[in-house]
Amino acid sequence: MFAESRPFRVSQHLLPAWKAVLPVGGHVELAQPGQHMTTAPGLIVPPQLAHVCAATSPYIALFVDSWLLPSGTGPIPLSTSKVRRLLAALGTAGADSPGTDVDLAAGYAELRAVTGSPTPLDPRVAHAVDVCTLRDPNTPLAAVAGEVGLSAPRLRALVQQDVGIALARLRRWGRLRAAIADLPTGPASLAAAMAGFADQAHLTRTARDFIGRTPASLRPAKAETGR
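Under our numbering, the first residue of the sequence shown is numbered 105, with each subsequent residue one higher.
Hints are computed from structural coordinates only; laboratory data are not their basis. Hints are not guaranteed to be accurate.
[Said to hold, decoys possible] Taking lysine to aspartate or glutamate and the DMTMM-like style, the derived pairs with C-alpha atoms no more than 20 Å apart in a straight line are:
no.: 1; residue 1: K186; residue 2: D207
no.: 2; residue 1: K186; residue 2: E133
no.: 3; residue 1: K186; residue 2: D226
[To be verified] Label pairs and their computed distance ranges (CB to CB):
no.: 4; residue 1: P257; residue 2: T184; range: 26 to 32 Å
no.: 5; residue 1: A285; residue 2: S185; range: 31 to 37 Å
no.: 6; residue 1: E251; residue 2: P181; range: 37 to 43 Å
no.: 7; residue 1: T160; residue 2: L294; range: 31 to 37 Å
no.: 8; residue 1: Q265; residue 2: A135; range: 29 to 35 Å
no.: 9; residue 1: P111; residue 2: P244; range: 15 to 21 Å
no.: 10; residue 1: A256; residue 2: L118; range: 33 to 39 Å
Each residue gets a CB set at the ideal place from its N, CA and C atoms; glycine is no exception.
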């Protein structure tokens, strides 16, 4: 989850995860290359959709791994009532600005009520994406493949088939998440190194590619934090 107490616009990006944008009192504007702008009180954006996005008010953005919701090809507009239900599930309904003391499990359950349930992953794929995106994105692929009794090429093919996203891209997403978690407490160069990026410039390129903003723009203002 990322919470921001101001309107914000991100540049074009291609996120390898689902994103739900929940404005607190405003609306969302989403533009895809060559298409008309989509405007709604809230939006759920599927993985790997090239787009520019803006919230016109303080907002909460929920990022959900691609395999945790059913496959989708286009953005899902949310009515005002559905946005309120999601904010209520998170525990932020009625607030003038988003906070970070929230119930993410309840928010995910409410998202599934909107989108439906995903298809379970092959257990070998589930293990691989768990290691590469959550536990340790820097684990050598050969080691991950060996743990599930597959060759590295076969594991990459299975992940692409079941998840629809290359394993290498999912590993970069895992590193980016780890770096973002460290940004509020130290310099970006240290966050990049701890997450396994080659350098700070590599972190910056990945952040722009995946979420349409720079690491500097993710730093909390005053005492606010994102998680």
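We went through each hint and held it up to the structure:
1. For a cut-off of 20 Å, the pair hint linking K186 to D207 stands: about 17 Å separates their Cα positions.
2. Between K186 and E133 the alpha-carbon distance is near 17 Å, which keeps this suggested pair within the 20 Å criterion.
3. Of the supplied pair hints, the one linking K186 and D226 is violated, its CA atoms being roughly 32 Å apart against a limit of 20 Å.
4. For P257 and T184, the hinted distance range of 26 to 32 Å is not satisfied, since their beta carbons lie about 48 Å from each other.
5. In this structure the hint that A285 and S185 lie 31 to 37 Å apart at CB holds, the actual value being about 32 Å.
6. Checked against the hint of 37 to 43 Å, the C-beta distance between E251 and P181 comes to roughly 41 Å, which is consistent with it.
7. T160 and L294 have their C-beta atoms about 34 Å apart, which keeps the hinted 31 to 37 Å range intact.
8. Distance hint check: the CB atoms of Q265 and A135 are about 31 Å apart, consistent with the given range 29 to 35 Å.
9. Taking 15 to 21 Å as the suggested C-beta distance range, the pair P111 and P244 does not conform, at roughly 42 Å.
10. For the hinted restraint 33 to 39 Å between A256 and L118, the CB-CB distance of approximately 24 Å leaves it violated.
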